[in-house]
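Visitor: The residues making up each chain are set out below.
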Amino acid sequence: MKNQDYLYLDHAASTPMRKSALDKYIEAESFGFANSSGGHKLSRNSKNLLEDSREIIAELLDSAPSEIVFTSGGTEADNWTIKSLFDSKQPNNNLVTSNIEHEAVLASAEWISSNGFQTKYAKSDENGFVTKDEFIKQIDDETKVASLMWGNNETGVIQPIKDISKELKSINSSTLFHSDVVQGIISDNVDFHRNGIESAAISAHKIGGPKGVGAMFVNNKFKLPSFLHGGKQELERRAGTVDVPGIAAFATALQEQQTRFDEEVGLMNDERLIFEDKLKNALSVEIIGESMKRLPHISNVQFRDINSEVLLIQLDLNGLGVSRGSACASGAQKPSHVLQAMNIDSKFINNHLRFSFGWTTQVGDGSKAADIVMKAVKEIE
Amino acid sequence: MRILVAMSGGVDSSVVAALLKEQGHEVIGVTMKLWEGPNGEMPESGCCTASDSEDARRVASKLDIPYYVLDYTESFSKNVVENFTQMYAQGLTPNPCVECNRSVKFDHFINQAKKLNCDKVATGHYAKIIKNNDKYELHKADYLDKDQSYVLHMLKSSDLENITFPLGEISKPDVRQIAARIGLKTAFKKDSQDICFVGKKDYRSFVEKRIDLTSPGEIFDTKGNKVGDHNGIHEFTVGQRKGLPGGYGTPRYVTKINVQNKNVTIGEKNDLLVSSFIVEELSCVNNLEYKNLTIQTRYNSEDLPCEIKKLSDTEILVQLKEPAFSVAPGQFGVIYNGTKVVCGGRISPKVLENVG
Chain A
1 MKNQDYLYLD HAASTPMRKS ALDKYIEAES FGFANSSGGH KLSRNSKNLL
51 EDSREIIAEL LDSAPSEIVF TSGGTEADNW TIKSLFDSKQ PNNNLVTSNI
101 EHEAVLASAE WISSNGFQTK YAKSDENGFV TKDEFIKQID DETKVASLMW
151 GNNETGVIQP IKDISKELKS INSSTLFHSD VVQGIISDNV DFHRNGIESA
201 AISAHKIGGP KGVGAMFVNN KFKLPSFLHG GKQELERRAG TVDVPGIAAF
251 ATALQEQQTR FDEEVGLMND ERLIFEDKLK NALSVEIIGE SMKRLPHISN
301 VQFRDINSEV LLIQLDLNGL GVSRGSACAS GAQKPSHVLQ AMNIDSKFIN
351 NHLRFSFGWT TQVGDGSKAA DIVMKAVKEI E
Chain B
1 MRILVAMSGG VDSSVVAALL KEQGHEVIGV TMKLWEGPNG EMPESGCCTA
51 SDSEDARRVA SKLDIPYYVL DYTESFSKNV VENFTQMYAQ GLTPNPCVEC
101 NRSVKFDHFI NQAKKLNCDK VATGHYAKII KNNDKYELHK ADYLDKDQSY
151 VLHMLKSSDL ENITFPLGEI SKPDVRQIAA RIGLKTAFKK DSQDICFVGK
201 KDYRSFVEKR IDLTSPGEIF DTKGNKVGDH NGIHEFTVGQ RKGLPGGYGT
251 PRYVTKINVQ NKNVTIGEKN DLLVSSFIVE ELSCVNNLEY KNLTIQTRYN
301 SEDLPCEIKK LSDTEILVQL KEPAFSVAPG QFGVIYNGTK VVCGGRISPK
351 VLENVG
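Which chain is which? The protein sequence lines are A and B, in order. Oh and the first sequence: position 3 is 3 in this note's numbering, straight run, nothing missing. Oh and the second sequence: position 64 is 64 in this note's numbering, straight run, nothing missing.
The following block holds chain A by itself, in its conformation from the complex:
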């Protein structure tokens, strides 16, 4: 089957690169291939392109260029903020996060914990929502970093970032408030300063940019210790030759995404609603977090009587690509920690699939996807 005959609804995992971004990459690789730290003309080309890209991205995200550091993606940014601020000289410092975070945050939290620092987890309610009170009550004088995602990557449920950031500062003004906005940025207006976010992880490939490129927003008030040691790149914050063509492509992708935001996100929302309505009418399903404010691109569907391991295969064979929980190295899949945190009945916990729309979504995709799901379910039963 050719890729174009295949309906792709796994944009939360990754998206294809926008043509404008790919064109920019090719152009940048020719114009700005040189090491941006060098002292000659071609390096200057590269350095100029890097700083232009930084300015474009900073402006699109309503932040200062000095607040944008380029990384290899969301995982690196999460690791960086969470791990680098803990210091053995301050053994009483603690970390506060939630039990529905992305693995990049949870695994970093475990690492902090294994190094002897206290790690506190605010619990999600049954709707996949971490209430302000639940999160705030974990914060104390020793909280060094607090981390809560913007919108959950499995359910799309949007967390009360602004409410929390405000109150958090009144309890401990020195706590750094980090947010993984990797999914949020796909389909929501994420403004760091206005929402009190002091550090954030962003990934280029979720919005039509290249994989292996990301950015971290860090409020100018904070200086994070370097994560990768070596040369003096990225204002001495992250060593390693900078991927200028990738970053230029990222800037172009973000530019196009922000310009077309209302149109693209409107379509994701419409198609998702059509998809969910059609499924609810035809099958015994539940949409997780349906009553909540959700990211428009994510739909997590619980099938009453069908194990999604087999359904995922049947959908693939029928030309629809979606996902289940998070994939482990070998491709086998475990019950999701997010659904477990929501206390989903263990009878149904393996019956979930995540359908995620994205910038390539076309009119009719929601209905087409629902038809394929209904056909596959019929074949299984």
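Rather than coming from a laboratory, the hints here were simulated on the basis of the structure. These numbers were taken from a predicted model, which means no experiment stands behind them. Note that the Cβ used here is the ideal one computed from N, Cα and C, for glycine as well. One thing to keep in mind: the hints can contain errors.
What the hints assert, rightly or not - Calculated from the model, a selection of chain B residues having no Cβ within reach of chain A, i.e. all distances over 12 Å: (1) 2; (2) 114; (3) 289; (4) 313.
Stated by the list, open to error - Calculated pairs, DMTMM-like style, for lysine to aspartate or glutamate (alpha carbon to alpha carbon, straight line, at most 20 Å): (5) A:347 to B:71; (6) B:114 to A:309; (7) B:120 to A:379; (8) B:115 to A:345; (9) B:114 to A:133; (10) B:115 to A:316; (11) B:114 to A:379; (12) B:115 to A:305; (13) B:120 to A:381; (14) B:115 to A:381; (15) A:347 to B:74; (16) A:166 to A:133; (17) B:115 to A:262; (18) B:114 to A:316.
Based on the hints, put chain B in the right spot on chain A.
Guide: Chain B in isolation, oriented as in the chain A frame:
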């Protein structure tokens, strides 16, 4: 036909997928993920390792067939690993591969294949399925060196209807040649021998990590005289020679392990001879038969002529024509009529009649 092929990453199942695809079937490859360690790591060697599933994925990609990894870890851990440790703890000799086929692999696999609208499932086992009128029979593979009908004895006619074993009439060297002809990387990969979840480690240390095995008991000779003490019956299996009290002139062997009072009996080699025993948890492919029977008491062991007597729906008494040494409680006994598998079950620790 649409066929779901269980691909372990080894040469046998790779060739099965290739042959079925060549025959024009719609082939879907699946690796069953059976086991992972406490931190999610896969074992280093054996039939369900990370690198093996990587090999399977590569073969599937070369054959241009869809490929998936299905998670069987929960069932495997419950039915195979726990059973394995419990049986060792009781001084029995488990056969995890049979247990895995019996209670994890085929049931679930056939069920999933049906859900995926597959007409059959296929594996790389060496065994034959022959349709005789309405019944499906399980037979030894033509290539007897590799015959695996022993580990498949629990399949019933109604299961066999949904299965195909394309290697039943092919020899292992031919399988390797086919693999080489179609350019499979796995052509000359060595066969897995280890217990997949134990790997190259000693199985006792594996068991000891999981359950407390200290259950001291006494060692007796065949006349009932106490000759020593021991720390736990898991340190012994019937037929074992090492680590026993000495000073007899002739070698001593473990002849009996009493699970109830933890007593171990040792004797001479001839004390190991067994002429009749019970096979329990019996499973018949079709109806039970009584004539021209032989039994294998270990995987790919000698066929011993025997007679059987039905004790209940799940138990038979096996009477060997000639006493034999190789009967270990916990192992499976599989009854054949010629090449045809009649039935099989677990050799019971209950009554082992010794003839000395």
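Visitor: Now, for every hint given, state plainly whether the structure supports it.
Guide: Evaluation of the provided hints:
1. Distance check on residue 2 of chain B: its Cβ comes as close as 9 Å (rounded) to a Cβ of chain A, failing to clear the 12 Å threshold; non-interface status is violated.
2. Distance to chain A contradicts residue 114 of chain B as a non-interface residue, since its nearest Cβ pair spans about 9 Å, not more than 12 Å.
3. For residue 289 of chain B, the condition that its CB be more than 12 Å from all CB atoms of chain A holds, with the nearest at approximately 38 Å.
4. Against the 12 Å criterion, residue 313 of chain B stays outside the reach of chain A, whose nearest CB is about 32 Å from its own CB.
5. Only pairs whose Cα atoms come within 20 Å are accepted, and residue 347 of chain A paired with residue 71 of chain B is accepted, the gap being roughly 17 Å.
6. Under the criterion of a C-alpha separation no larger than 20 Å, the hint pairing residue 114 of chain B with residue 309 of chain A is consistent with the structure, at around 14 Å.
7. The straight-line distance between the Cα atoms of residue 120 of chain B and residue 379 of chain A is roughly 16 Å, inside the 20 Å bound, and the hint therefore holds.
8. With a C-alpha separation of about 23 Å, the suggested pair residue 115 of chain B and residue 345 of chain A falls outside the 20 Å cut-off, and the hint is violated.
9. Proposed proximity of residue 114 of chain B and residue 133 of chain A is contradicted: the alpha carbons are some 49 Å apart, above 20 Å.
10. Proximity of residue 115 of chain B to residue 316 of chain A is assessed by CA-CA distance (about 14 Å); at most 20 Å being required, the pair is judged to hold.
11. Restraint check: the Cα-Cα separation between residue 114 of chain B and residue 379 of chain A comes to about 9 Å, which is no more than 20 Å; the hinted pair holds.
12. Distance check on the hinted pair: residue 115 of chain B and residue 305 of chain A sit about 13 Å apart at the alpha-carbon level, within 20 Å; holds.
13. For the proposed pair residue 120 of chain B and residue 381 of chain A, the alpha carbon gap of about 17 Å is at most 20 Å, so the pair holds.
14. A hinted pair counts as satisfied when its Cα atoms are at most 20 Å apart, and residue 115 of chain B with residue 381 of chain A qualifies at roughly 7 Å.
15. The straight-line distance between the Cα atoms of residue 347 of chain A and residue 74 of chain B is roughly 15 Å, inside the 20 Å bound, and the hint therefore holds.
16. Taking the CA atoms of residue 166 of chain A and residue 133 of chain A, the gap is near 12 Å; set against the 20 Å cutoff, the hint holds.
17. Among the hinted pairs, residue 115 of chain B with residue 262 of chain A is inconsistent with the structure: their alpha-carbon atoms are about 41 Å apart, more than 20 Å.
18. In summary, the hint linking residue 114 of chain B to residue 316 of chain A is supported, as the alpha carbons are separated by about 16 Å, within the 20 Å threshold.
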